[in-house]
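These protein sequences, in sequence, are chains X and P. So the number in the working numbering is just where the residue sits in the first sequence, counting from 1, plus 943. So the number in the working numbering is just where the residue sits in the second sequence, counting from 1, plus 36.
Honestly, the hints are just simulated from the structure, not real lab data. These numbers come from a predicted model, not from an experiment. Ideal Cβ positions, reconstructed from N, Cα and C, are used throughout, including at glycine.
Here are some of the chain X residues that sit facing chain P, going by a computed Cβ distance under 8 Å:
#1 His992
#2 Thr996
#3 Thr1009
#4 Asp1011
#5 Leu1032
#6 Asn1033
With a cut-off of at most 25 Å between alpha-carbon atoms, the simulated PhoX-like pairs for lysine-lysine come out as follows:
#7 Lys326/P with Lys1006/X
#8 Lys978/X with Lys945/X
#9 Lys202/P with Lys1056/X
Ranges between beta-carbon positions, derived for each pair:
#10 Leu947/X with Glu87/P: 55 to 61 Å
#11 Lys1018/X with Asn236/P: 33 to 39 Å
#12 Leu1025/X with Ala96/P: 50 to 56 Å
#13 Arg119/P with Glu977/X: 28 to 34 Å
#14 Asn125/P with Val1029/X: 25 to 31 Å
#15 Ala96/P with Val1029/X: 38 to 44 Å
#16 Glu977/X with Ile370/P: 54 to 60 Å
#17 Ile1038/X with Ala118/P: 32 to 38 Å
#18 Ala402/P with Cys976/X: 51 to 57 Å
#19 Glu390/P with Val1029/X: 50 to 56 Å
#20 Phe960/X with Glu445/P: 53 to 59 Å
#21 Asn97/P with Phe960/X: 50 to 56 Å
Spelled out from the first residue to the last, the chains are:
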Amino acid sequence: MKYLCLVYLEEKTLNAFPSHERRAISDEAMSYCEKLQKAGQLLAAAPLHPVETATTVRVREGKTSTTDGPFAETKEQLGGFLMIDVPDLNDAIRIAAQFPAARFGSVEVRPMKELGCAD
Amino acid sequence: MSDDTAQEARDKVDEVYRAESRQVLATLIRLLGNFDAAEEALQEAFAIAMEQWPRDGIPANPRAWLVSTGRFKAIDGMRRRARYDASLNELATHIETTTSDPLEQTNEPIEDDRLRLIFTCCHPALSSEAQISMTLREVCNLTTEEIARAFLTKPATIAQRIVRAKAKIRDARIPYEVPPPLELPERVEAVLRVVYLVFNEGYSASFGPSLTRADLSSEAIRLGRLLLQLLLDAEVMGLLALMLLHESRRQARTSASGDLVLLEQQDRSLWNRDLIREGITLVKQALASKRIGPYTLQAAIAAVHAEARSAGETDWAQIVALYDLLLRTEPSPIIELNRAVAVAMRDGPAKGLELVDALLKRGELAQYHLAYAARADFCRRLGRNADARASYERALALVKQEPEQRFLEKRLAELGQGTVSP
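Bound-form chain P, shown alone:
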């Protein structure tokens, strides 16, 4: 084989690794029944590919070849180690007889394996943090260092979380399966929650100096697309639409200096029209389904914003109506707060203030900075500057993210200039 074709084969190995290593892993986990053994087998299979493909050519079905090689290597390894641990021999025979070599079988349910992997990583018996770390590591192939950087924590913390999660999967025997239809809605909900948490962490980082960590958001969108490809479900569509519509505003929501720009002040020409088009198409599809869930409704709200050419042209009545529906499917004080903001836009700040004050009185939002920020804004628009100032100060005392803090400080300062000192 010439040097050129050898290089081509090596490039092909890289390409297959990027595109298919997670699918190969997902199938190896099913065949070997163990995450660690599957990861080891995956690495071995790719190492052998790196050696053989440049010499012997690229196999007709690279993915099946890799699964087959990984499976064979794992069984072989167990047999060799059986000298020290006799139970491994039994295990090797068990795997050999109960699973088939994918090269001999053409209709392996590969896609199912990826769904199995997602449902296992997002199993509700794992803690929320563990679900997120496992999904990013095993499904998205981020390294522990990358995950740690995204969540501003130490790689050792993430690594430990993953080790513990794998130990629980093994010891508590969390099965590697797509849940049966009866349990599917609840389990899909758990998966979507993980995807949305990842997206939000990337879109509005909950702490730290930067407003967005774009990589996490694009991972979440990639996950959403993968899920939709594997599982035709209205809420999967709704969540993907919601993420795309939020993502479309990324450019516009921070200024050059990294400050927060509110929706009404954003330069709408910066919004990504392709993402909006895709998002709106998905929302329409999801709304046409029988089961309209909270993600679809939130996406519909985002779509109404996306369709308005300017903030002033927003159809606030429709937004309030969508919030009413959302509150019926998912009662939450934060959604009530958002509804209050929409009502203020439709009926004026006095009406919004009334709703927010009633909400704050109930206490659930007492530590939530955006409740005070909304209240401050209503007061400001009503000319009640002293009240506005007090609420901005409360919000500032609670805010944890620097760009949001700067935004509130700016508003507070503007208020100072506008008042006439006695």
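Only chain X is shown next, with the shape it has when bound in the complex:
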């Protein structure tokens, strides 16, 4: 069975830690992920850029609407995910817009960090 574990946190809580502690948390997370990967239990994991970098994509009546921020309707629930690797945000928006759920729900596009979460 595959599981998706979603990590929620308040960005300001994380930012309140002094930088050496943030670094320690990041190192701990990375070595934990390495351990899970060696055990064959981890498929993919990554920290995300802050929520200000989010973009929401919806398609209504054939027209793509792109908005700043994570503006899921309160009635909407997380229904799945796609992890994609493309050159830039415009490509990510194109892919998000063609996913069927974009026509009745919304797809939040969040850039993943390439390094640890403390940077």
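Add chain P to chain X, keeping to what the hints say.
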């Protein structure tokens, strides 16, 4: 070099800065892949020009010289800082090998860079406020203080908005590109929306003591002209025409005391004929295109007003017909309200009142002061003074801008004088 020629060279640096600093910046952003690095490189390049041009003379191609110098300085700076951050060395080499020095290349697509900059600043993944601030800062070269003053907010707020927008461009990797043809219409629409918002903020400030903030409007018109130069598109033409035709009435739409003067009462001899001529030429060109959009239709309506020698001679039937077309391309209650006003002029206030009442019943305009102001005016013209008074009062309760408020108060007072007390 004599003092005179040295002064001449310094003047030339100033002149090039005013005329071309945004183009140099736009190209440096493409070459360096980063707004902040490009801005730093731009400042360095101009500082070096200030030092070298008076001494060595003005280069044959000042813009290419500035881009070349900025690019070189940026690469050099990265190499020097690589002592502390090894990744900078890699980045410097990457920039050096993947981009070319514009002094060695004569056909650099400079104009494309300015379009790239506009499309990046107006990217729909940025908030509307961020798009406006970025465009005014990066494309128009207004300072954060100037932008803050224009929007009656604190410079720190604008500065923060710009910092966040740049962080999003960098971290979410918003590409520095002109969108492909398939996506162009939608993206142009987003750019035009920003330009029109800037214009409107300058033309009819949405709050505060002054009716117009002319600087913003002229920036928007300048942007419109630049866009049209870069992108031959009917709606760009339409929007520029619309702005020019509105702008032509600026002198006439406020009285000496700063009060609002309605279109029908304006002294048409104050209208700027040059702007009208230019606007009408553009409308005609835009109307001849295959794709007639909402800006072109609004400009056509403004052109019909501009062509009438007096309010009484306005071709209201044509205006109503244009509103009908506009509603088909862009259904909106505000356009319906404007259409109702035109219908009232064509068929009389009773017909207008009927339409406005139906509109108000639907609720979308319940908080919009001009809907009540229009209703009040129809009632006044029908002699229904009590109804008119009630609607003026509703409008007054909703209005946020002082000259509009004074206008409504004046109308309300006139109504009081005209009635016979029981």
